[in-house]
Amino acid sequence: MRAFTVVTSKVAPMDRPNVDTDAIIPKQYLKSIRRTGFGPFLFDDWRYLDAGTLEIDPAARRPNPAFVLNDAKHAGAQILVARDNFGCGSSREHAVWALDDYGFRAVIAPSFADIFFSNCFKNGVLPVVLQAAEVQAIFEMVEADANAQVTIDLPAQQVRLADGRSFAFEINPHHKHNLINGLDEIGLTLQQADAIRAYEAKRRVEAPWLFN
Amino acid sequence: MSRSPDAPARTLYDKIWDAHVVADNGDGSALIYIDRHLVHEVTSPQAFDGLRMNGRKPWRLGANLAVADHNVPTTKDRVHGIKDPISRAQVDALDANCAEFGITEFGMNDLRQGIVHVIGPEQGATLPGMTVVCGDSHTATHGAFGALAFGIGTSEVEHTLATQTLVLKKARTMLIRVNGQVGPGVTAKDITLAVIGRIGTAGGTGHVIEYAGEAIEALSMEGRMTLCNMAIEGGARAGLVAVDDKTIAYVKGRPFAPRPEQWDAAVASWKQLRSDPGAVFDTVVELDAAQIEPQVSWGTSPEMVGPVSARVPDPASVADPVKRSGMEKALAYMGLAANTPITEIAIDKVFIGSCTNSRIEDLRAAAEVVRGKRKAANVKLAMVVPGSGLVKQQAEAEGLDQVFTAAGFEWREPGCSMCLAMNADRLEPGERCASTSNRNFESRQGQGGRTHLVSPAMAAAAGIAGHFVDVRSL
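Top line first, the protein sequences correspond to chains A and B. For the first sequence, numbering that gives the first Met the number 0 puts the final residue at 211, and the numbers step up evenly by one. For the second sequence, numbering that gives the first Met the number 0 puts the final residue at 473, and the numbers step up evenly by one.
Bear in mind the hints are in silico, worked out from the structure with no lab data behind them. Fair warning: this is a prediction, and the values are worked out from it, not measured in the lab. Hints are not guaranteed to be accurate.
Said to hold, decoys possible - Residues of chain A clear of chain B, computed beta-carbon distances all greater than 10 Å:
1. K26
2. G38
3. A145
4. F166
5. A167
6. F168
What the hints assert, rightly or not - Calculated pairs, BS3-like style, for lysine-lysine (alpha carbon to alpha carbon, straight line, at most 30 Å):
7. B:K251 - A:K201
8. B:K328 - A:K9
9. A:K9 - B:K322
10. A:K175 - B:K14
Positions of the beta carbon are idealized from the N, C-alpha and C atoms, including for glycine.
With the sequences and hints as input, model every part of the structure.
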């Protein structure tokens with residue numbers, strides 16, 4: 000997995016609560032059996048005026064000029080700022096793959112849905128939880144200047160704004176360690192193979208019906 | 000197994016968690032053993048690719064059970080294969096992956112095929128006290144059995160396949176107690192929608208919900224599955240109901256259930272699967288069952304829901320600007336004016352199905368409403384999609400298919416169907432649907448489609464009337 004340490008970028012705003020994973024990546028793209036290439040379909044229903052499928056070249060479609068990410072001033076942003084309960088709904092990891100493929104390295108919001116939150120850490124994308132007032136301050140900063148830079152410093156657990164304001168955030172130490180070092184979680188878990196086998200041996204005695 | 004007097008009182012969640020800790024990592028996470036892994040075609044291909052790329056094999060084959068459900072057509076011609084080449088490729092990939100790695104799969108035309116969350120319990124593959132995962136958020140369904148069941152992403156699907164464990168942080172606990180009994184015409188679907196209306200779609204974030212109280216105890220196992228299915232719509236990754244005699248009776252005799260010589264020990268163990276008296280929950284929510292009416296969602300989030308007797312709410316009455324703006328966007332998308340009575344909302348389509356409401360009791364409830372009546376002229380399509388081949392067979396044995404077709408409803412083959420419209424079953428832009436599914440998100444049932452979440456009886460009644468009606472008035 001790609002490591003995440005410090006990212007400095009301008010910020011794109013997604014100013015609505017409860018952005019669900021169906022909105023982040025609609026179902027027709029879930030038919031892909033690949034892990035990459037979802038970026039052109041991120042927020043597909045909001046982003047284009049015409050309908051899309053995996054078989055339609057996104058370059059041939061009509062962008063919705065009213066959609067925020069189609070505004071040239073937000074191009075190149077690697078940080079998305081959002082409202083409460085971002086990523087709710089379906090467990091589809093394709094939502095994180097689409098954000099990542101589009102170029103977002105981090106999402107800042109007052110709260111995230113649990114499965115989306117967990118999926119982010121498997122892909123080197125950092126979900127940052129800040130207080131609602133701090134998130135509001137970032138929205139206002141972007142509104143005033145779309146090019147204003149924000150730094151997300153994972154080792155220091157800080158979000159720093161260009162004007163000197165700094166917001167601290169919490170993160171599970173396990174997630175932090177794996178992200179900073181870009182570790183493969185399966186490889187790490189397999190180092191505990193003996194513990195898994197010992198657990199299974201005990202459970203086969205206690206609850207043999209679980210192993211039918 | 001019983002608790003010594005000085006042992007701390009534990010919740011049901013604590014008990015299942017404690018029984019599955021392989022190792023405490025000491026960094027806020029624990030390695031948790033997974034007893035059952037259900038696999039479907041949409042969220043697994045990249046996980047199997049990951050195994051291949053790293054030269055890994057499934058840790059314990061017998062823990063896995065696979066079925067294709069999201070992409071499969073619901074028309075009879077599917078016996079000849081899937082026409083849509085992209086859907087076909089995904090289902091073929093599941094078949095090939097299961098064959099390559101040796102995982103048990105029910106093929107599309109197997110009688111036991113169906114929606115993964117219907118067939119797990121139906122086969123007895125979901126058992127009390129288990130940890131159950133699947134690359135699908137509605138895995139919460141299986142919590143009805145006192146199993147810790149939750150949805151995972153594809154990376155965790157791969158992790159489960161490779162290690163039979165997940166690295167997890169312990170959740171907080173929420174007790175939702177529904178006191179008293181619901182009135183006639185009020186179902187598990189209405190209870191679960193009313194709960195979401197109360198706590199909000201993020202109310203259960205970071206929590207595992209345990210549902211309790213007289214109204215929950217009174218539910219059948221199928222009702223409890225409907226209830227737990229939508230825990231995720233309240234933000235909770237998992238929902239739980241304590242084990243009782245109904246749970247044990249449901250499991251007995253199913254193909255994957257404990258063998259006769261294991262049965263007594265299994266039952267003795269399962270009877271411990273309830274929260275101890277005095278167990279402390281982080282959050283407690285209480286509802287009065289008698290106050291719950293049949294529910295209809297009016298917006299684009301499951302928390303945007305209310306009783307059938309109400310009107311579409313007015314965003315102008317909401318002070319919070321973020322919430323108000325969300326409501327305005329929702330009403331614009333739904334094509335609804337504030338203060339419209341719910342019962343004056345006309346529909347174009349009816350969908351009875353999904354992992355929420357496609358079991359035999361759901362189909363019986365819907366059939367009871369349509370029996371001897373006809374679909375309204377303005378309803379272009381009313382479809383009934385059983386949750387599995389076995390549910391379909393049972394319904395046909397009871398003549399329910401005839402009841403539906405006589406009323407102008409279509410009777411289909413099992414699958415996820417128009418709950419998420421990955422197959423050909425979908426809403427066209429602007430079409431309005433009375434749906435027994437679980438999500439009313441924008442474009443969920445087809446681009447530009449408008450979804451109203453209701454119970455099976457309410458969906459059936461809307462199909463007959465052409466607009467929402469209170470089933471209690473029929």
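So, going through the hints one by one against the coordinates:
For A:K26, the requirement that its beta carbon stay farther than 10 Å from each beta carbon of chain B is not met, with the minimum near 5 Å. Interface exclusion of A:G38 from chain B stands, the closest Cβ pair being 16 Å apart, more than 10 Å. Look at A:A145: its CB is around 20 Å from the nearest CB on chain B, clear of 10 Å, so calling it non-interface holds up. Interface exclusion of A:F166 from chain B stands, the closest Cβ pair being 19 Å apart, more than 10 Å.
The beta carbon of A:A167 is kept farther than 10 Å from every beta carbon of chain B, the shortest such distance being approximately 17 Å. With a least beta-carbon separation of about 15 Å from chain B, A:F168 lies farther than 10 Å from that chain, consistent with its non-interface assignment. The straight-line distance between the Cα atoms of B:K251 and A:K201 is roughly 25 Å, inside the 30 Å bound, and the hint therefore holds. A threshold of 30 Å between alpha carbons decides the hint, and for B:K328 with A:K9 the separation of about 27 Å falls inside it, so the pair holds.
Straight-line distance between C-alpha atoms of A:K9 and B:K322 comes to about 26 Å, which keeps the hinted pair within the 30 Å bound. Note on A:K175 and B:K14: the hinted pairing holds, with a Cα-Cα distance of about 28 Å set against a maximum of 30 Å.
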